[in-house]
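J.: Residue numbers (my numbering), protein chains in the order written: chain C, 1 to 681; chain V, 1001 to 1120.
Treat the hints with care, as some may be off.
[To be verified] Using C-beta positions, here's what the derived DEER-type ranges look like: (1) V/V1112 - C/E225: 17 to 23 Å; (2) C/A231 - V/N1057: 39 to 45 Å; (3) V/K1041 - C/E449: 56 to 62 Å; (4) C/D276 - V/A1071: 56 to 62 Å; (5) V/E1092 - C/E587: 57 to 63 Å; (6) V/V1112 - C/E585: 41 to 47 Å.
Everything labelled a hint here was simulated from the structure, so no lab data went into it. Note that the Cβ used here is the ideal one computed from N, Cα and C, for glycine as well.
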Amino acid sequence: MSDRYRQAFEEEARELLGELEAALLELDQNRENPEIVGRAFRALHTIKGSGAMFGFDNIAAFTHDLETVFDRLRSGQLAASSELINLTLSAGDQIRAMLDAASGREEADADRSAAILAELRTLTGIAAPAGAPRPPQRVQASETNSQCRWRIHFRPGADVILGGTNPLLLLRELGELGRLEVALDSSAIPPLSEIDPERCYVAWDLTLTTAAPPEAIRDVFIFVEDSCDLAMEPVPIERAAAREPAESRSAAGRSGARASVTGAASSIRVSAEKLDQLVNLVGELVTVQARLSEISARRDDPDIVAVAEEIDRLTGALRENSMRIRMLPLRGTFERFRRLVHDLGIELHKHVELDIAGAETELDKTVIDQLNDPLVHLIRNSMDHGIETAEERRAAGKPPSGTIRLSAMHSGAQVLIRVSDDGRGLDAQAVRTRAVERGLVEPSAQLSESELFSLILAPGFSTAREVTDVSGRGVGMDVVRRNVEALRGSLEMAGKPGEGLTVTLRLPLTLAIIDGLLVRIGETHFILPLASSLECVELTARDIANAHGNRIAMVRGRTVPYIRLSEYLRLGTPRPEREQIMVMETEEGQVVDEVLGNHQTVIKNLGRLYRHVQTVSGATILGNGTVALILDPHRLVQGAIEAGRDRRGGPGRKRFAPAGSMQDVDTINAFTRKENSIHVS
Amino acid sequence: MSKVILAVDDSASMRQMVRFTLSEEGYTVIEAADGREALGKLSPPLHLVITDLNMPNLDGIGLIRSIRANAACKGIPIVMLTTESQDARKQEGRSAGATGWIVKPFTRQQLVAVVKRLIG
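The shape of chain C in the complex, shown without the other chains:
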């Protein structure tokens, strides 16, 4: 303990001795006053307690008996006498002498201390202490390195949190002792209506592998051991298991796929058809489960609710697992392009390297199968139009050989596939000239760069000056766009003139079942994909008033332009008193009457009649048997921007049209009027 504290203690102890003396002298006049006895006791108590804290062990030991005597005076077991008061006064002088000795003055007389204590014992009849106060206990990590495994069941008392203990911190502390696996026991959680949010209903089954002694484990729970159920038992550990730490439960599921790669290849071949059957069955199950949830919510019977929730969880897990079976890494598809790049390079007299990243990214087999054509097209485009000839590249100060980078990565429930090259990029002016030539835009139109780029995706657009064998026959990016959209994906382009072009394909992980958000507009239900939504907030009357007629809301300081779906889709429903705005990850919003909650959504394709509808990506069957359309928020936003541009022909600022294209709107309206006539397959 540093000198700083010793000095502070010395000063304080001298003050306390003065206080003790004053109390003793008053006590001599007024023997029965408990308040005065209390003052003397507290002075002695603090001298003893703090003395031991700051290394004055002799003072602490000497004061111990005096404190005991005054504690008994306090409780009336002893009576104050003038002998006792005089003896205590000289004991105070002795403590002062000990303090002097500690600060380097002459040594205190140990014999005198012993004589005072002996006299005190004869006077009061208290017994000599059994021994010096125990030295501070410190939990020491066991020297031996032998690991033990403990199975611990810990059920905190229901009032544990009100009592000031956060059980999660205890688990964290336990985790610091070794490797901890945690399993939650939620069996005792009552139905929601009976839950008191301040009480703790859960328990944990813990497995701790540690070299720490059992006392150290118990010490973690020492504050709660009287109020909790705690059972600890050692379990044998196998050597192998100890060496290779298993991952904790929650991680085990995720890593399952990876583990099987490193382990012996214990896989079996199953025909894709069987997998499709499995996924179809899971889809049926999810639909039935939605009905069960609907019924259980109506009945409000805790037994049925419990079963419905369990089935909900299991269906979710089953769905995820069966979807994962159909996942394949993109490696096979990506590697095939090396040959393509090589052959095209010879044909075009260009040297191009293909750089592949993220090939381990997994995607639904159905999506992968349909991805080949668009990717071939994009790579051909880059080779033909993007990458310059070696001479041109040298002149532009670039290395003579070009690079095409093909990469894949996960982003929420989507996979992003990028094809980027370091070629000449897009010449915005050339795009514009071409668009005007083709009559796609008015010569006077002011367009932003991204709007110009999106023109390339329009049918029949190509910027190639010459027609070559490879590409540039005008069947360009619009074909890619259609292919990608058929996969419920989208396409973005970015780049700078002279520095290259990046095309990003945004694809859904799967085409069968997604997590959706069920929303209501008037009497009609729609599904929006959960993966693309960020948050739901209320659209307040103040937001509407502040926007002066623009469809813009302020959400946490951000400006969020929104589409009011009821007016955009011309559903003709009255505006409800309260509306909710769903903010998408792209910071645009969709306004609906009400967000009802999560919905595992089995995607059904719409019949041929509805193919041309851009803003709807499918339909699903709800728990009550009705059909809900799945809206594509990205296309809604695209559509609204395009419609906004048509209307104003104006500047490139994002401005949403209040209503969508007539074709989509008519179809959706027809659907909402007579939803049962729709054919889902």
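Using the hints provided, position chain V relative to the given structure of chain C.
T.: Chain V in isolation, oriented as in the chain C frame:
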């Protein structure tokens, strides 16, 4: 933001030791010399109370009872400082609602370990 700890002890050297030790660990420590003074310092933000048991005016047990009766400090962890000889007082403190305790004399490491156990 650093967590706020109220140290209640009539011994200035104890309070100083608690304050220095816990400040070094990144906590903010406020002090009170007895239970009555502590009652005036219970306003949020406050994450933990460390209190001695023997104090003038309002002792530790009384302070713990008042805190537990105060809805504004619901669930706040309370650590009492006891000594070996005070087993009965310790029991009294626990039934009054103390969350944990530290037996004097203790080391700075022990103090930090208990604080971390209760508020992380």
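J.: Evaluate each hint against the coordinates.
T.: Hints, one by one, checked against the model:
1. V/V1112 - C/E225: 17 to 23 Å: Roughly 21 Å apart at Cβ, these two residues keep to the hinted range, so it holds.
2. C/A231 - V/N1057: 39 to 45 Å: 44 Å, holds
3. V/K1041 - C/E449: 56 to 62 Å: Since the Cβ atoms of V/K1041 and C/E449 sit about 60 Å apart, the hinted range of 56 to 62 Å holds.
4. C/D276 - V/A1071: 56 to 62 Å: 59 Å, holds
5. V/E1092 - C/E587: 57 to 63 Å: 58 Å, holds
6. V/V1112 - C/E585: 41 to 47 Å: Distance hint for V/V1112, C/E585 holds at roughly 43 Å.
Consistency note: the structure conflicts with none of the earlier hints.
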